[in-house]
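Residue numbers (the working numbering), protein chains in the order written: chain L, 1 to 324; chain W, 1001 to 1324; chain V, 2001 to 2343; chain R, 3001 to 3343.
Please note: incorrect hints may appear among the correct ones.
Keeping only pairs whose Cα atoms sit at most 30 Å apart, straight-line, the calculated DSSO-like set for lysine-lysine is [said to hold, decoys possible]: (1) L:319 to W:1221; (2) W:1221 to L:251; (3) L:278 to W:1221.
Only part of the chain R face toward chain L is listed, based on derived beta-carbon distances under 7 Å [claimed, not checked]: (4) 3061; (5) 3177; (6) 3311.
Simulated from the structure, these hints should not be mistaken for lab results. Even for Gly, the Cβ is constructed at its ideal location relative to N, Cα and C.
So the chains spell out like this:
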Amino acid sequence: MPNMSYGEAIRDGLRTAMRADENVYLLGEDVAQFGGVYGITKGLYDEFGARRVKNTPLSEAAIIGEAIGASIAGLRPVAEIQFSDFITTGFSQLVDVAAPYTFRSGTHLPFVIRAPSGGGLRIGPYHSKSLEALFFHFPGLKIVMPSTPYDAKGLLLAAIRDPDPVLFLEHKKLYYELREEVPSDSYEIPLGKAVVRRPGTNVTLVTYSAMVYKALEAAAKLEQEGISLEVVDLRSLVPLDEATILQSFAKTNRAIILHEAPKRGGIGGELVSLLCEKAFDYLAAPIIRLGAKMTPIPVAPALEDFYYPSVDEIIQAAKRLVQY
Amino acid sequence: MPNMSYGEAIRDGLRTAMRADENVYLLGEDVAQFGGVYGITKGLYDEFGARRVKNTPLSEAAIIGEAIGASIAGLRPVAEIQFSDFITTGFSQLVDVAAPYTFRSGTHLPFVIRAPSGGGLRIGPYHSKSLEALFFHFPGLKIVMPSTPYDAKGLLLAAIRDPDPVLFLEHKKLYYELREEVPSDSYEIPLGKAVVRRPGTNVTLVTYSAMVYKALEAAAKLEQEGISLEVVDLRSLVPLDEATILQSFAKTNRAIILHEAPKRGGIGGELVSLLCEKAFDYLAAPIIRLGAKMTPIPVAPALEDFYYPSVDEIIQAAKRLVQY
Amino acid sequence: MGLHTIHSSPANTAGNAAAEEVLRSPERLLEIYYYLLLTRMLENKVAYICHNQNPQQPIIIGKGYLSTGQEGISVGAAYALESGDWLAPSHRDMGALMVRGMTCRQIFLQYFARASSPTWGRDGNVHVGDTSKQILFFISHMGSNLPVGNGVAAALQYRGAKNVVLGCFGDGASSQGVVHETMNYASVFKLPIVFVLNNNRYAISTPLHEQCAVEHLALRAAGYGMPGKTIDGNNVMEVYRHVKEAVERARRGEGPSLIECKTMRMGGHGTHDPATYIPKEEFETWKKRDPILGYKNYLQEQGILTEDQEQSIKARIEGEIEEAVEYARTQPMPVAEDLLKER
Amino acid sequence: MGLHTIHSSPANTAGNAAAEEVLRSPERLLEIYYYLLLTRMLENKVAYICHNQNPQQPIIIGKGYLSTGQEGISVGAAYALESGDWLAPSHRDMGALMVRGMTCRQIFLQYFARASSPTWGRDGNVHVGDTSKQILFFISHMGSNLPVGNGVAAALQYRGAKNVVLGCFGDGASSQGVVHETMNYASVFKLPIVFVLNNNRYAISTPLHEQCAVEHLALRAAGYGMPGKTIDGNNVMEVYRHVKEAVERARRGEGPSLIECKTMRMGGHGTHDPATYIPKEEFETWKKRDPILGYKNYLQEQGILTEDQEQSIKARIEGEIEEAVEYARTQPMPVAEDLLKER
Ligand SMILES: Cc1ncc(C[n+]2csc(CCOP(=O)(O)OP(=O)(O)O)c2C)c(N)n1
Ligand SMILES: Cc1ncc(C[n+]2csc(CCOP(=O)(O)OP(=O)(O)O)c2C)c(N)n1
Ligand SMILES: [Mg+2]
Ligand SMILES: [Mg+2]
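Chain L on its own, in the form it takes in the complex:
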């Protein structure tokens, strides 16, 4: 099995989907010969040509609009938004046009919006955001946020073959940091299935995307202190795998929700509420949310490091929970 980075696995997923289905094509700013600012589509133009790998003007609304329209007409477009931060200039197309379309018309829109998301690269307030919570509130959009190369490819293939709009948020910090064995053929990881990245018995930690690694780091350290952290990686936020979360919580009765987006208004609140609504009798301690501070994302290293929840905060939270 070839060894692939997270970014390579995404590229391999795109290639696999395009080879299998003539209806799949790519569009976005600088995605053709250049291969996109993170090089994810590199080489695909050479293999598939200008018809199937299209550079677009700097027009996020028009890009998302093309994806919507082409999917209505039966294609399976995969559009790259250069940074997830820039979805905001095409926001209305996604939330006003795409999200309610099937509800209103019965017509399904099988398109995918891919975008590098998340921070940690010292590139500040405009190139680091994690915007998933915005879309979470709109019925009609699916949201996938993979954390590993294997997942990235399998979830991407599932997303491309899904009948509905999927926002596929890739963590840019993982693109070239992570490598693992990834099958070179086609496979799908169904949307809406979380995975337990590390089993544990004392505390459940629910997270997704790059925060999985902070959670695992904390878990390893906590183990040395005799605290067993179960790390649940959601993989997709919509659909949400409530069963896996509830199952873990039924065992631990203690939970931390961890995300990179600002705490206020993030999806942490939803997960706390889920546990509170559906597993109240298991609650042995307050559920702790860890999210970013309520500021824009800063550039200076000390500021950015302080901005995100840290491994140490996770450890402290877990300790507080077991001592509760």
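Given the structure of chain L, go ahead and fit chains W, V and R with the ligands onto it with the hints provided.
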């Protein structure tokens, strides 16, 4: 004291602010002679003239941009977005330009965006949304959602005089439904102060905007069954009056969070988490969130009525809580 | 008024044989007349119901948004399409919806928000479409259907289909950013799409000169490198001819065009709006230029339309409308649980 | 290349006495030269640091975004402003930042993300501004500073101030919806704003013809009813003259203009980008048209710039830059708690 409807009180607030401060002016689609689609600015053009009450082109991004720029240059613009649903086409100006501006520059932006929000008028998915949760997630934006004529005027005056961007979401169903005595002179209701609309002892219900009335209706009915509901009207979501919520909850140990926006990803999750984090030891029962269904907002009366949380659901929830 | 035709770039009208053929066929000319009248009479019915229903128990849920006095644009433009072509309608495109095959029943079901409406009562009035007939669903956010039209056009181009998209919007919508992105984008890719701008001089209460600082919005086309024309939107044959030309150009793979059709909104923004902000004289001037009247006169002059034919067309339409209203009125409203049904 | 001047609407160049006066003043001409060189040398220093620093312990946090070879636009345009005028910069406006009074210290503090930078280390590189100098903070979302510029212009108009705003953007940014909204809006209100379009033929890797289907983006101006010109952006005097004219027009209350300045991005998008997608010949052709070299030759021909002066200007700038780098390098970085400080 004159008797004013909610809409009239807002108009009176605008007039009061404009008379007091030459730097306050209005802009928006159809706000001049026509007075806006809900007539809120009617008469202000006649009093203040074209310089201070400006019709704009159909350009939400440009409208919000003008508000930002004019506030940087020292004015206090109050822009109307014709329906809050249409903020999405100027979304980036609000969340990318305005929200982080002070953090990045130290320059404050004293502008207000007013918009009719909320549903119940059978006007469907594009003219009925309650989008507060979107903005709640962005540091740098304040959010005010008044429920009464008196509050609307006092909060609007505070919003206009606030140094930071304020999103002032008016419930369009209340414009002409509600009347009460409203002082004709200037007064402010500070942002971030909730109010207990009805004191109670058994269950705390936290809500805002038009849902206050469903809560009060439920409270009246519950009283006949011996259940005492305390209704907290937040008035502003950012800043959030945590103290009043916690105080009420310390007394009742049971809570319902009620909003008109879809439940998933709404601000209900945040409020549940707040209680879970800061009042865990008071929790006697699960906190119940009541929000709209996860669909776009429908037109047909039976569908729209079913879409929102109902008085009956509130009653059932309260009963479940006291019996828990 | 300056209702002349501007050619921002050299586009050849003469070569438009297809259009000229239709304009010589009495059957087709009468069919156009039928659609014009159908649109007018259907919308008159909508207005009538709006003004006469019991507000406590309304039949039409919401307001009526009418194209009265502007039917020539929507009918003429849609008539230029062929089978397999797509429509991205705006909110004053009842004529195009009719020409492209939506039925009176569908329209009244939609206005009455019945369970069997094209949106199952989930959306209302002109917020409608029909994917099976290649009609995109109208989106309220002005101009927002145009990039979707681009997307359909991109799919047609991708497949090598010889079909085109008609993208409709208003003078107010023309100030939206998304309209700019769409037109530039369409031109870069030479997408098979024709943009039809219904310039009815108002956006709700806002007159044209407060919307833009140009008299002719077709001037925008030059900035995108596409042909742009300003034409008389109240002359259905002129609309048909120019849109047809642009459609055939797009079909040949030569890319998009912008056709600005000048007209006047002959009433309020919706049935609820008395439009007191529009001077009476404006209405009076434009009333003389009614597109249906003008077209009828032409047909009569040409001997294509007799008084008998006129009466029988009207009677046929009346019947169709009455039947549709009755049908729709007796269909069930959605019930609560329908909200959560997957579609 | 077609680097001619297009007048989309009759705008009178002759009457621009203010511009001509400056262009006859040796002091002012030398000052322009100083700013051109300052921009070039400052950015060379940024590039040098980027390429030579230890990536594990970087001094510059992030990448450098340079205007090398395009300094004529930013310097020439900003030089047309007067005290009290505002600047809405884009990301290749180092020249304008300098002309409008930002200091080398501020720039290096910003690039080094120090606690005392204009953004307190919260933002980096060209994401900068200075409200006290009437310079708006650059916004990453391309074109997004233009509506803010409109807002400042609206405030100036509201107060009856005789000041103007300079709004800068690129050829890529020109495809954003918000740019369209801004220009139309500015024209409707006759706002005192001048739009300067830096057309450097690329948006990251995307060449102009994949961005738009026109050769000259100034053609867009006609669609908004404002004067539009396409000029040689590598001729600083031409830029100055035309922008000055537009600025004075705006100052007189006659509304906005669009000046498209043709140039070439003489390197990658940022210091990290080798720009292998741009043919070498393109660089070579444009290298011959370097704006600073051209201007220097002119000054020398006119006897305004001697070799001695040249050397002393360079020495002065070198000193300024070294001083600023040293200063910034020794300033503290922000510490964690600074994040939550109210500003
Ligand atoms: C983005 C957006 N902003 C505001 C509105 C509210 N609105 C509905 S129709 C309309 C005027 C549209 O004018 P125009 O495009 O000229 O079409 P007309 O109604 O005149 O046919 C406005 C402002 C909207 N639908 N979408
Ligand atoms: C809305 C938006 N989309 C995408 C980007 C990413 N991006 C940064 S610079 C750039 C190209 C800008 O090109 P242009 O406007 O021509 O300026 P230049 O860099 O050539 O000076 C892009 C696509 C962005 N900043 N904003
Ligand atoms: Mg109109
Ligand atoms: Mg460029």
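Hint-by-hint comparison with the structure:
Between residue 319 of chain L and residue 1221 of chain W the alpha-carbon distance is near 45 Å, which puts this suggested pair outside the 30 Å criterion. With a CA separation close to 40 Å, the supplied pair residue 1221 of chain W and residue 251 of chain L exceeds the 30 Å bound. Restraint check: the Cα-Cα separation between residue 278 of chain L and residue 1221 of chain W comes to about 27 Å, which is no more than 30 Å; the hinted pair holds. Because the closest C-beta pair between residue 3061 of chain R and chain L is about 5 Å apart, less than 7 Å, the hint holds.
The interface hint given for residue 3177 of chain R holds, since its Cβ lies 6 Å from the closest Cβ of chain L, which is under the 7 Å cut-off. Restraint check, residue 3311 of chain R versus chain L: the minimum CB separation of about 37 Å is more than 7 Å; hint violated.
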